[in-house]
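A.B. asks: Sequence:
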Amino acid sequence: MNLLRALLITHGELGAALLATAEEIIGPREGLAALSNRGLSRDGLVAELRARLAELPAEDALLLLVDAPGASPHVAARLLLAGLTGEERGRVLGPLTGVNLPLLLTFLNRRTTTPPEELLPLLVERGRAGILM
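The sequence shown runs 0 to 132 under numbering that gives the first Met the number 0.
Honestly, the hints are just simulated from the structure, not real lab data.
Nothing here was measured: the structure is a model prediction, and the numbers come from that model.
Beta carbons are placed, not taken as given, at the ideal position from N, Cα and C, and that holds for glycine.
Don't take each hint at face value.
Claimed, not checked - Computed spacing ranges between beta-carbons, pair by pair: (1) G82 - I24: 28 to 38 angstroms; (2) A15 - P101: 10 to 20 angstroms; (3) G85 - I24: 35 to 45 angstroms.
Make a model of the complete structure from these sequences and hints.
C.D. replies: Here it is as structure tokens:
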């Protein structure tokens, strides 16, 4: 794997806003994109995910980050995964649900130095730790 990329699949412009905010904090980063469900049916969202996966460089992997469990971005990500073949499936991680800024910043800071099998639990931990009362 050359680069672990991330696609934020969210309602409205949440994903784009999270990416913009993260880049304000740590600067621009390669391999990040947001996909809104706005104006897309569930099948349309799955088709757009397939198109994004088809554009993924052969040596890269993709982490799917979604905003809410059970909502259309989450369901579309699960449907995408269910339809992938072995090689394709090996290049897609997630979906991680409940994306927030601490999780995203950790991803951006650690994706090149932490193996995916260690990174995913770390992202879950950091995302949860970012929720306080």
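A.B. asks: Given the range 35 to 45 angstroms, decide if the beta-carbon distance of G85 to I24 lies inside it.
C.D. replies: 37 angstroms, holds
A.B. asks: Confirm or reject the claim that A15 and P101 have a C-beta distance inside 10 to 20 angstroms.
C.D. replies: 18 angstroms, holds
A.B. asks: Check the following: the C-beta atoms of G82 and I24 are separated by a distance inside 28 to 38 angstroms.
C.D. replies: 35 angstroms, holds
Checked against the numbered hints given earlier, this structure breaks none of them.
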